[in-house]
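Novice: Keeping the supplied structure of chain A fixed, place chain B upon it in accordance with the hints.
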Amino acid sequence: MNTPAIRIESLTKRYGALEALAGVSLVVEQGEFFGLLGPNGAGKTTLISALSGLVRPSAGTLAVMGHDVVSDYRNARMKLGVVPQELVFDPFFSVRELLRIQSGYFGISRNDAWIDEILASLDLLPKANANMRTLSGGMKRRVLVAQALVHRPPVIVLDEPTAGVDVELRQGLWKFIRKLNQDGHTIVLTTHYLEEAEAMCGRIAMLKAGRIVALDSTRALLRQFATHSLRVRLQRPELGVALGGVAESEDWIAFGFDACEDLEQLLARLRAAGAGIEEVQLGEADLERVFVEVMNRA
Amino acid sequence: MPEPIAPITGSSWIGFRTLLYKEVLRFWKVALQTVLAPVLTAVLFLLIFSHVLDRHVTVYGDIGYTTFLVPGLVMMSLLQNAFANSSSSLIQSKITGNIIFVLLPPISYREFYAAYVTASVLRGLFVGLGVWLVAIPFVDVPVEHPLWVVVFAVFGGAILGSLGVIAGIWADKFDQLSAFQNFLVMPLTMLSGVFYSIHSLPQLWQDVSHANPFFFMIDGFRYGFFGQSDVSPWLSLGVVSGCLVLLASLTLAMLARGYKLRN
Chain A
1 MNTPAIRIES LTKRYGALEA LAGVSLVVEQ GEFFGLLGPN GAGKTTLISA
51 LSGLVRPSAG TLAVMGHDVV SDYRNARMKL GVVPQELVFD PFFSVRELLR
101 IQSGYFGISR NDAWIDEILA SLDLLPKANA NMRTLSGGMK RRVLVAQALV
151 HRPPVIVLDE PTAGVDVELR QGLWKFIRKL NQDGHTIVLT THYLEEAEAM
201 CGRIAMLKAG RIVALDSTRA LLRQFATHSL RVRLQRPELG VALGGVAESE
251 DWIAFGFDAC EDLEQLLARL RAAGAGIEEV QLGEADLERV FVEVMNRA
Chain B
1 MPEPIAPITG SSWIGFRTLL YKEVLRFWKV ALQTVLAPVL TAVLFLLIFS
51 HVLDRHVTVY GDIGYTTFLV PGLVMMSLLQ NAFANSSSSL IQSKITGNII
101 FVLLPPISYR EFYAAYVTAS VLRGLFVGLG VWLVAIPFVD VPVEHPLWVV
151 VFAVFGGAIL GSLGVIAGIW ADKFDQLSAF QNFLVMPLTM LSGVFYSIHS
201 LPQLWQDVSH ANPFFFMIDG FRYGFFGQSD VSPWLSLGVV SGCLVLLASL
251 TLAMLARGYK LRN
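So the sequences go chain by chain: A and B.
Reading the first sequence from the start, the letters are residues 1 to 298 in my numbering.
Reading the second sequence from the start, the letters are residues 1 to 263 in my numbering.
Here chain B stands alone, though its shape is the one from the complex:
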């Protein structure tokens, strides 16, 4: 019997890198839909709200409403698109069946998680950056603490990327995924203080807002721009880090068990 062709051995790093590259390429090939469309939506929000409210509302003393609005819109777009990336990629792959091309190779569940979440963060950052760049000609937004901006952007994107992995794995049809998006992600984002400072709310709603982790993502992110926020940025960082650890652990546990992927 002839000797079989020697198998090529390779490192898992290349597997992770390739899956990440594939996920980035996937959204980049349809960037009109995945990057430019959400940027346009955010800019429309900015134009309409700034037109209606800029002369009537100031926040943190002397910050104009339009200036206040920009970081919130950037973060909202970033979070929603980070979620959309991993969730839509996974459910499409599951429904079309091509998920097996990722499940057959020697890619570990940790590499799988890291690749999908990193791609989500990158899409979120692209969209967020796009919103910010488009807003620059209209409004001057200071960046007091760039490191806080980056940390909250990456952590927020990773949280929503993880949530997207959970939703993409859990959902069996697009309808279920849409419910996840419309009844969980969208309300939590909209009610997180994107469009207002929670100090403008009655005490009850201020307390309710503190139960919303999205509030801490956006408030901490906004601190990076203005050096001011509704709550301490350290508290926000603690809540956001805690949420990330919790969701990452849950997602990794699902993947390790092969929940709905390897059964």
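Looking at chain A on its own, in the form it has when it is part of the complex:
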């Protein structure tokens, strides 16, 4: 059995009286595309910071590809690439200088072939010799991704990589990240764009107030928590309400249902009651509804 890409056991992080992480345990297997979701202040960035050695855990252990991030930090960090949330850069250097320097930090003195490959993949080659200060926000974001990849880490953590990024760049980034995942890299993603997480992630953990409140495959979460929705405009809306619907307006009634068979039965009951169906709208189950429901329950 493969070593997990990430293993977190009973991770606690306290800042004085504030418990930012309260006993989080989590395993991410190699090759997964894993989503870490939660509202602001849930502890996502603290968890990533603990994983990457930017904060010291108050209790618990974390390992990347089997290497403890505290006692065996050199190997753990060699195996981890982190794309930070903030758009940070060093204004003294060009893109290429920055990537060469970042390679050196990871013990790689000659890395130009790989750097060129990353630059080409991220459409950064024309800007390779431009100073970081002259780049647009989107370009700087791509450089952050490039910096995280210089040492070819098997595990890549992206902390809200598409925050404030235009649609074109966002699509380009996802294409590139999906390719990395297909090549075997384990991807851990935090994002507030839930439709992106739904489309990309095979498994998702939801955090609230430093605790994991949901952890399952994306499909299972959608099945488990979210019902599909049916909105119908009725001639006699009071009959719809009597059958368990919720009045959204004077004549629109909303119903929730889990499976397609339930939909057929629901429509049959409305017809049998003589409610007079005039218009029908179907709503798909989506992660946003799951998220809201999980957060409300927790």
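Any given hint might turn out to be false.
Partial chain B-side listing against chain A, Cβ under 7 Å, derived [said to hold, decoys possible]:
#	residue
1	Gly-15
2	Lys-22
3	Val-24
4	Ala-31
5	Leu-104
6	Pro-105
7	Arg-262
For the record, the hints were derived by calculation from the structure and aren't laboratory data.
For glycine and all other residues, C-beta sits at the position ideal for the given N, C-alpha and C.
Specialist: Just chain B now, with coordinates in the frame of chain A:
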């Protein structure tokens, strides 16, 4: 599942070397501000003080004031710039957030310390050398014991480089760093005997000067040039070495704990 691309393994020596290279490149890219400007300031001190005092003051018997002044100015510039290098680099990186690029890789706290302090020493040496070279056409300064000159220059630079690391990590804003510079480093440097021999002071101020480690850095450094000093160079070397060990230990302890960097 396809095999992940094999990670490249590397040595920590390259990490240290790269961080040192980055720190040197950082000040070298703005050398006008980080090297030439302090050289100019020191030369102005030299011109003004030598013009005013050279005919009135001699030190150690027959050494002219301008000649006496040069090693002190060289060392003062070296110390101040060694401090400025590590402290300004760290606080800029902290405030802009790009410090994470150094904290994410597998660089140990010892390598981190060694790289920042070595870069500080190098900047100090560049500035000190610059002051000395510019002074050569104006005044003939002997170098009696070059090894003492080098030892005190490197140790002094390392002490101030360490102090700069402490200040850069401790300070949360430029204002706090400026206070560190203006209320600690500047007075201790100015009152260390750069511009005078402490034998010209009343006994009380001579005693006070002995509590200032900067005095021993400059006095020992000056011994390397003239073969004469206010106190024994061995005493100065002992004090300076002790300060270096103390500050290096304190800085390393801060870095090992991750104080204000990894919390």
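Novice: Each hint: holds or not?
Specialist: Hints versus structure:
no.: 1; hint: Gly-15; result: holds (5 Å)
no.: 2; hint: Lys-22; result: holds (5 Å)
no.: 3; hint: Val-24; result: violated (11 Å)
no.: 4; hint: Ala-31; result: violated (12 Å)
no.: 5; hint: Leu-104; result: holds (6 Å)
no.: 6; hint: Pro-105; result: holds (4 Å)
no.: 7; hint: Arg-262; result: holds (6 Å)
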